[in-house]
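Student: Each chain is listed here by its residues.
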Amino acid sequence: DGGITQSPKYLFRKEGQNVTLSCEQNLNHDAMYWYRQDPGQGLRLIYYSQIVNDFQKGDIAEGYSVSREKKESFPLTVTSAQKNPTAFYLCASSIGVGQGRYEQFFGPGTRLTVL
Amino acid sequence: SQQGEEDPQALSIQEGENATMNCSYKTSINNLQWYRQNSGRGLVHLILIRSNEREKHSGRLRVTLDTSKKSSSLLITASRAADTASYFCATMTTDSWGKLQFGAGTQVVVTP
Numbered sequence: 001d002g003g004i005t006q007s008p009k010y011l012f013r014k015e016g017q018n019v020t021l022s023c024e025q026n027l028n029h030d031a032m033y034w035y036r037q038d039p040g041q042g043l044r045l046i047y048y049s050q051i052v053n054d055f056q057k058g059d060i061a062e063g064y065s066v067s068r069e070k071k072e073s074f075p076l077t078v079t080s081a082q083k084n085p086t087a088f089y090l091c092a093s094s095i096g097v098g099q100g101r102y103e104q105f106f107g108p109g110t111r112l113t114v115l
Numbered sequence: 001s002q003q004g005e006e007d008p009q010a011l012s013i014q015e016g017e018n019a020t021m022n023c024s025y026k027t028s029i030n031n032l033q034w035y036r037q038n039s040g041r042g043l044v045h046l047i048l049i050r051s052n053e054r055e056k057h058s059g060r061l062r063v064t065l066d067t068s069k070k071s072s073s074l075l076i077t078a079s080r081a082a083d084t085a086s087y088f089c090a091t092m093t094t095d096s097w098g099k100l101q102f103g104a105g106t107q108v109v110v111t112p
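Quick mapping for you: the protein sequence lines, in order, are chains A and B. Taking the working numbering, the leading residue of the first sequence gets 1, the next gets one more, and so forth. Taking the working numbering, the leading residue of the second sequence gets 1, the next gets one more, and so forth.
One chain only, chain A, in its complex shape (with noise of 0.2 Å):
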């Protein structure tokens, strides 16, 4: 069964703590992608990864980290420096544009609350 799997579904963090959301992908995709959505508005890029061990920084990383040790795993730490992190996260990946293919598959969102 092939597809994209984010946990935890749900998640509460106090104020002051760093927590790690988990995304994996079994697709073979190279391209990888985090992005935070709010009430009522669209998707906003906070990091995304064109192949292992490499990643940029898109529209609001700031209070973000990520890593991408393995090709099939593309976790993201929300810092304390994240002023208001409470949102849905939306990981998501793609073929990789160096095949021509630029469709993205999302996994099923974490919701992150801040107490």
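Honestly, the hints are just simulated from the structure, not real lab data. Keep in mind that the hints are not guaranteed to be accurate.
Label pairs and their in silico Cβ distance ranges [what the hints assert, rightly or not]:
id, chain 1, residue 1, chain 2, residue 2, range
1, A, K83, B, R50, 32 to 42 Å
2, B, T64, A, F12, 36 to 46 Å
3, A, A81, B, R54, 42 to 52 Å
Keep in mind that this is a model prediction, so the values were computed, not measured. The beta carbon of each residue, even a glycine, is placed where N, CA and C say it ideally should be.
Chain B: place on chain A using the hints.
Tutor: Chain B only, in chain A's frame:
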């Protein structure tokens, strides 16, 4: 800043009717994509149209692209209650390979 902006923000129709939503963008694109999101779920890719294409069909979906007006439209024909969702356009510009810029979406409600 958001590259794509959808219009209308919300749309309510009855089953069997057609639903049309529009997307405008600001800079030159390589391609434009439409996605659907059911409430509280991830996005699902619907259709991709490249900058050199003017129209594309997939089942009950029809997408048009007018690069001179920097706009696209998504038409859902003979809508069903299961089409109730938010629809987003996303653009990939010519200088940001792989990265998508999403609009705020159109929320569509189809009533039986």
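Student: Next step is simple, just say for each hint if it's right about the structure.
Tutor: How the hints compare with the structure:
A hinted range of 32 to 42 Å holds for the C-beta pair K83 of chain A and R50 of chain B, which are about 39 Å apart. The given range of 36 to 46 Å is respected by T64 of chain B and F12 of chain A, whose C-beta atoms sit roughly 44 Å from each other. The given range of 42 to 52 Å is respected by A81 of chain A and R54 of chain B, whose C-beta atoms sit roughly 46 Å from each other.
In summary, this structure violates none of the numbered hints.
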